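Asks: Here the structure of chain A is known, so what remains is to put chain B in place on it, guided by the hints.
First to last, the sequence lines map onto chains A and B.
First residue of the first sequence: 1, per this note's numbering; consecutive thereafter.
First residue of the second sequence: 1, per this note's numbering; consecutive thereafter.
Source of the hints: derived by calculation from the structure; they are not laboratory data.
Once the Cα atoms are required to be at most 25 Å apart in a straight line, the calculated SDA-like pairs of lysine to any residue come out as:
(1) LYS329/A / GLU48/B
(2) LYS327/A / ILE44/B
(3) LYS72/A / LYS327/B
Small disclaimer: the values here were computed from a predicted structure and weren't measured.
Now for the letters of each chain:
There are 2 protein chains.
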Amino acid sequence: MYKLLKKSGKVRRGQFITPHGVIETPVFMNVGTLAAIKGAVSSIDLKEIGCQVELSNTYHLSLRPGDEVVRKLGGLHKFMNWDRPILTDSGGFQVFSLAHRRKIKEEGVYFNSHIDGRKIFMGPEESMQIQSNLGSTIAMAFDECIENPSPREYVEKSVARTTRWLLRCKAEMDRLNSLPETVNNKQMLFGINQGGVYDDIRIEHAKEITKLNLDGYAIGGLAVGETHEEMYRIIDSVVPYLPQDKPIYLMGVGLPSNILEAVSRGVDFFDCVLPARNGRHAHVFTKHGKINLNNAKFELDDTPIDEECDCPACRHYTKAYIRHLFKAKEMLAMRLCVLHNLYFYNKLMQDIRDAIDGDYFEEFKAEKLRLWDGRA
Amino acid sequence: MYKLLKKSGKVRRGQFITPHGVIETPVFMNVGTLAAIKGAVSSIDLKEIGCQVELSNTYHLSLRPGDEVVRKLGGLHKFMNWDRPILTDSGGFQVFSLAHRRKIKEEGVYFNSHIDGRKIFMGPEESMQIQSNLGSTIAMAFDECIENPSPREYVEKSVARTTRWLLRCKAEMDRLNSLPETVNNKQMLFGINQGGVYDDIRIEHAKEITKLNLDGYAIGGLAVGETHEEMYRIIDSVVPYLPQDKPIYLMGVGLPSNILEAVSRGVDFFDCVLPARNGRHAHVFTKHGKINLNNAKFELDDTPIDEECDCPACRHYTKAYIRHLFKAKEMLAMRLCVLHNLYFYNKLMQDIRDAIDGDYFEEFKAEKLRLWDGRA
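Bound conformation, chain A alone (with noise of 0.2 Å):
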């Protein structure tokens, strides 16, 4: 259930209760593919970084070690050691990005696997089912994410079929959840907007999957391809069809930047891999945006990442220290990094809600950009 706390023009703070906790929103989950985070990050460790709620892959999931096997060990939060809210992507974003020879059908999409080449089929019945195995907290409705441009044609009938698809998502959701050995049978669905960058469809398709009365509805089919202001314009007009007592979850973005332009624009819940990828490559978030600590200068720099900051890398370690690890090729500094990077973000997101409590939020966007200054 979302509960709004709070409106500030279109700025939205609020609530979200799940049965594994509230969420504080707006929230930034923290992206554990499988069931760990990239770089050496526990459960344990999500906790002391400030994480919420972390987001888990379906399809990846699927494959290793098997949905199955998840079941059979009680689900997600017993297997990786999580208490808090867990949100399952529906497998259809890495059926589209990372799967061979993919056909869809109006069943589904017949894809091989990229890890083996196998046969597999995935539709909404199947989505659903996995997600149910996982037991997350929020499952995602089965989509087809198109790629940005794509010729209107193509995005009216494949926006046409994801909504069909949504209609079975949520049957076989009810379905599941209302049997006795279902791992969380209060899982969540939460629905998704597609559309490319076509506001008219976009809005269409809103209105549509609004109906539903889904548990909260994401913007789907974002940050891949378009440009920043097409993403924001696209936001715009979206956001006043999805209903305002639901969260609104912008699938896959972004950069700090984007993050507070989204938020702007009344979006609560934001999901990347950028933090961790960027970390794992020595790419690192101060209040003066990123830095990259393979760079010669840090040789002898030592002071941390960024004195204001509380992560376990900053608040033990210096930028030569971890620039050194990176040249000796030591795992740590990965994960000192990703470490440093997921903080700044979920530090990010409460220094929102801070403002938006405060009445202060476009004043500290204001500021953030300007001190970023392009590089965040």
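Replies: Just chain B now, with coordinates in the frame of chain A:
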């Protein structure tokens, strides 16, 4: 300063007092070659898993980041944020095992770097200078580590040179410790006994180096080709000729069972890459010996590696989860297993100390060897 707390047969329970704190012996030193433990384990983690002494490698650090860089940053303790004792090896072992096109002369060793092929010279003075720049608590003498078996004639010549090198090490260390700009001018020096598998050469060498009244003595050149039985025989031969008021360090050893056997022969210090290396390959130590988490039988095993273990991996995660992480190539797998194995070794040493204190070491040793049954 070494303080013998208790002696029971040959078994010693002691304390080694250093400027960075007291080391309770027998002790296992945790190897962090490049000022970090391989497997994304940090100095903060080391405290959590009960590490008393960190060991870093002089040769590796002289190449990356360079000992001058470490010196400028205040020494190894500050660099890696570790305030307990650090032992650095002399670089000798790596020069003989890693370096290319090695040429041994009276003045030292000419060789090519294993990283970029660059020509390097290292002799006793250079090794002391590097270790002084690193500012470790305990420096090791520069010696030649001979392969086992080697011809008697070669061993005799080599050991005589190692003795001459030791005199130069001591003179250089005294000089460096007297300089005001030295990072740690209370740096201690341990000599190293060599002699291959020739008991009489070992004993003569032990007598020679004992005269120098160093801070401690190591038995080097073991676990490099000889059998366990030969190793134990040599320890038995040499220990009586090393000073009893100084710690005795068996370099590069070993398996838990080797440690028990060596403790029962009077050894106080140990180090080995084995627990971390095994951990990175899913081999973990339990009270019933070593197991391989890649084994299919652990797919649905929802118990920790060791039910009675208090390490971060066993407190929070199951064998099924860690096995999945290995299969999925998640770095977290290595981290958890390295933490577990190092904790296992540190806890073993704690249990050994308790057993000596409680007068039940022999029973403890017999029981462990019975439980491990050749698998540790």
